[in-house]
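Chains as they are written, first to last, in the UniProt record's numbering: chain Z, 1 to 316; chain B, 1 to 316; chain F, 1 to 316; chain V, 1 to 316.
Calculated directly from the structure, the hints in this document are not laboratory data. Some clues are possibly wrong.
No copy is singled out in the list; a pair is fine if it fits within one copy or between any two copies.
[To be verified] Straight line, CA to CA, 25 Å or less: simulated BS3-like cross-link-like pairs of lysine-lysine: (1) 297 with 10; (2) 297 with 270; (3) 10 with 25; (4) 270 with 97.
Below are the chains, spelled out letter by letter.
Protein chains: 4
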Amino acid sequence: MQLGLIGLGKMGANMRTRIERGGHKVVGYDPRPEVSDVASMADMVAALDAPRAVWIMVPSGEPTQQCVAELAGLLEPGDVVVDGGNSRYTDDEPHAKTLGDKGIGYLDCGVSGGVWGLENGYGLMVGGSDADVERLMPIFDALRPPGERADGFVHAGPVGAGHYAKMVHNGIEYGLMHAYGEGYALLNAEPLIVDVEGTMQAWTQGTVIRSWLLDLLVRALQEDPGLTEISDYTPDSGEGRWTVEEAIRHAVPANVISAALFARFASREKGGSPALKAVSALRNQFGGHAMQNTAGKNVGETGTPLQNPSNTAPPN
Amino acid sequence: MQLGLIGLGKMGANMRTRIERGGHKVVGYDPRPEVSDVASMADMVAALDAPRAVWIMVPSGEPTQQCVAELAGLLEPGDVVVDGGNSRYTDDEPHAKTLGDKGIGYLDCGVSGGVWGLENGYGLMVGGSDADVERLMPIFDALRPPGERADGFVHAGPVGAGHYAKMVHNGIEYGLMHAYGEGYALLNAEPLIVDVEGTMQAWTQGTVIRSWLLDLLVRALQEDPGLTEISDYTPDSGEGRWTVEEAIRHAVPANVISAALFARFASREKGGSPALKAVSALRNQFGGHAMQNTAGKNVGETGTPLQNPSNTAPPN
Amino acid sequence: MQLGLIGLGKMGANMRTRIERGGHKVVGYDPRPEVSDVASMADMVAALDAPRAVWIMVPSGEPTQQCVAELAGLLEPGDVVVDGGNSRYTDDEPHAKTLGDKGIGYLDCGVSGGVWGLENGYGLMVGGSDADVERLMPIFDALRPPGERADGFVHAGPVGAGHYAKMVHNGIEYGLMHAYGEGYALLNAEPLIVDVEGTMQAWTQGTVIRSWLLDLLVRALQEDPGLTEISDYTPDSGEGRWTVEEAIRHAVPANVISAALFARFASREKGGSPALKAVSALRNQFGGHAMQNTAGKNVGETGTPLQNPSNTAPPN
Amino acid sequence: MQLGLIGLGKMGANMRTRIERGGHKVVGYDPRPEVSDVASMADMVAALDAPRAVWIMVPSGEPTQQCVAELAGLLEPGDVVVDGGNSRYTDDEPHAKTLGDKGIGYLDCGVSGGVWGLENGYGLMVGGSDADVERLMPIFDALRPPGERADGFVHAGPVGAGHYAKMVHNGIEYGLMHAYGEGYALLNAEPLIVDVEGTMQAWTQGTVIRSWLLDLLVRALQEDPGLTEISDYTPDSGEGRWTVEEAIRHAVPANVISAALFARFASREKGGSPALKAVSALRNQFGGHAMQNTAGKNVGETGTPLQNPSNTAPPN
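Okay, chain Z solo, but in the shape it has when bound (with noise of 0.2 Å):
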């Protein structure tokens, strides 16, 4: 079949390979000229036939709601919307009324499997209906990995159902990545451990926790063994808050997945902590220990301090 794909950036130019080598045409839009298959979305939409499949895959939030909003205006009735980037599930059911108004079907679908799915298929959970689902089909079929069908495809439920999942999917990856960095910074802490890369790459296979992103890790330390060329810093995209904040609003508890975040949002502390400041000059305050001052030096200790807090007075 044929598929208009916008935005041929790291994922959306692996995909629409995967996509041509299933044997369909994309015609692909892309602000960039040079690697944009033609000059506007509106002539990617006259190079269609219809009824139409065009298939977003930009930046969630404001680039992803200008596309729709701009193919809102250019489609017809019986066409179909999927939207493939990261956007909040939050999204999805404005942009199915958007595009609903105007007769236009509209599928989210999150797409899973980095710079890999190329050569390995896309994990994808779309939500939407029934015969959208239907239309899009073959496409899914060309992204998915091959074998079982239900093996790396679902239809999870209603608009907003495919995001919803792959937000779920994302917050678990935090706390599958989080916990193998813990395992990993604790194999490197102990001196027993003479062999930490070869302990990793033993455990890909036989183990409980082999998996995909173990194999991945134990391609990342034998790259750079030590992870010595790497500072910690580490960004954090948005599902994994959002993760969190779904956590929150349906009372559901999500210790790891926020403890996974929240040790991101620390590695990114500019000047230290605040909070662990507080507790310095707390402990300094009690008990006369040193503070570490900006240069290292310790600072503050102290023998017995002259007042009392302001609030506390004892009563004698």
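Knowing the structure of chain Z, use the given hints to seat chains B, F and V on it.
Leaving out everything else, chains B, F and V in the frame of chain Z:
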């Protein structure tokens, strides 16, 4: 080669089968006569040609310690003992000493793979001397998964390193399982997700979070959709605790693993959490908010309290 | 001065008393005629001399929003409205706009102190313009604790700052209460501690951890030693959630406050934790470990499983 | 009464002063001659009338153990030794045995109050026999805060109970301090809060979260607004670790206290967190996301990777 194997329980019996499939001769001893090849540990030793190799596969702590003590009296210089159970790594040095004083070698070997190891092979993490590892290599090769030796086997370091690595492996396992658990809970809480089981099955291929544990969780959900048959009561068998204790000893943050461990503790609190009873009582004290009594009724909602807390009488 | 006071519930009624003790005249309105001074909000407004000051002390969200909307229609330019409830700070800017469009001033005031505020005075955190704060200062002075104004009162910033500060205050409160709760649980678990209640009472003077909350916890333990009368079911009223959401928005790690929040969520899970059911099911799947069924019996302990998980068949 | 006091450091010197103010005679011994009353522990013992009472106030672990051993050789049946340091409670039973074998009594006493104890009195938690507690009661009464004995003093249980209670006290302290720290960090992050220090000062009266630690934090903020002079590097002195270890031993969830402990660990990681380096490397591996190198530059952003991870080659 020949191997004496002490302990023919769930793990030991499967390992025996896999070792025999590898072309080796196993003389198994178990206190239960109906599964044992020999009547006593002494008979087992007598049935092996020197230099002997004996593998202990019994519960950690006292049972393993007793085996080591008994073997120290039965074996001869040049023999080697392997502790393949989930012993705490701090037991290894004493065991190595006890045996080494008699000229007997010692290896500690963490074994992962559970009931699936028979077919898939076991992930092995070994601590001890090069010479002792070399001696046992044929057995390790029979047990480990097929393929590259480094994927499924590691000589991690000196005595203790094998159990240390296994302990960290299990700590990671706690974190991984709980991350999936939190994601599962969140999918369950969200009405948009019509197909929870299908969503998790879809994650098993192509996605970033695919793993063997996820495969198993999908399997469990297929057997008992909604996990309606079971309670959330979850034991812990020691290695999660040790991992957190080691994290403390090495001053390594372990928020994810400890959260997973504490969640298991919480699942086993009889009569509810004392900590939250205290919180509930506090809410009642300062705000007059209702508490829930043990019968689930709201109690204690108050208006103005009659007297101040004893120690903080206001100045007026 | 005169004050209109909307909402004469647990908090409002006490505050009215304290304000009147400060020498001011309060015209109270409450939808329950038996506690209301006037028949309607309009009557309340009519009973006040211009320029008026009206204090809203009703539940946050819709009830407060409705009061603001109604007051916008009843009040005159130069009047001032204070929202003293536990509104989310994001409601403040819209409220200020609604009222400001009519020339009516707006302050948001976080009020802490619970049912004890009547006697002890209330801690107040205010957001808004200097002029509006100045106008209400006599009321604030009546409500706040005796002593230095700065100990118990702050003009924290522009509109929204008062409720933001109150939200953070409550987030801290979650963490403090749970820290005491964990300590209480640990004292209970240790047989050496013969006198749990006495130990906590001893902490109320001289120690580093003495506080008003601790005084209250001791009071609760004196009323119900062992807290045997109550369950651990603990509601949350919103501000803990908002605090964690703000921590996420600002990328500030909040491990302690979120742990306290999640523990409350866990106390309210009906039928047990889905996350731990998943963990328990996983332990059964990989290790053949028994699960506990809903009747508390061990089930599912297995020997060798009959088949591999679907997606990870080993190469052989 | 008379008291021998070993250790005249920050705590010991203040305690000596307070005990003397209570009308007692203190013979102090310290290895530093310039602060010591006597030349040796033996001289101290000789200067006291039998039956003697000797208070040890030195660092926990070996220093305290050495004092106990030396006193066992110097004292006589009927004398009593008090360990007032921050010893681990597991040291108490051995100390009691060592001394008890010579007919010497033993008490363990947790002492809280820091450098403020001289003026405010110290909170005391004591373990030991009724008779020994009775013997030392005049000293305890001199040290504890004025007012009701039960507010600031407890005989918590047999030998070990005093240090156990102090350990839990310090664990709670970790949680409390970090809760305030997180709130402080959040106030700092929010532009609406113009007056962070004033907000925290306002919390010191009337609010639910008022406490002595909050008073001290306000004091620290007045001395160094913004805490700009200090780093976030925060030591821990053992009792937080022991508290979490006890929580593990008793299977008591301690998410808040452990989060506070782990945050201190994180503040001291040199070269950044290995766990987050692993997470950052993983993000790069699966998604081609940039990592930050040790110079703070983005590196490693990739397009399609050239080869699959070793162990998860897709079927096609």
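Going through the hints against the structure:
no. : hint         : in the structure
1   : 297 with 10  : between (46 Å within a copy, 20 Å between copies)
2   : 297 with 270 : both (19 Å within a copy, 15 Å between copies)
3   : 10 with 25   : within (19 Å within a copy, 55 Å between copies)
4   : 270 with 97  : neither (42 Å within a copy, 35 Å between copies)
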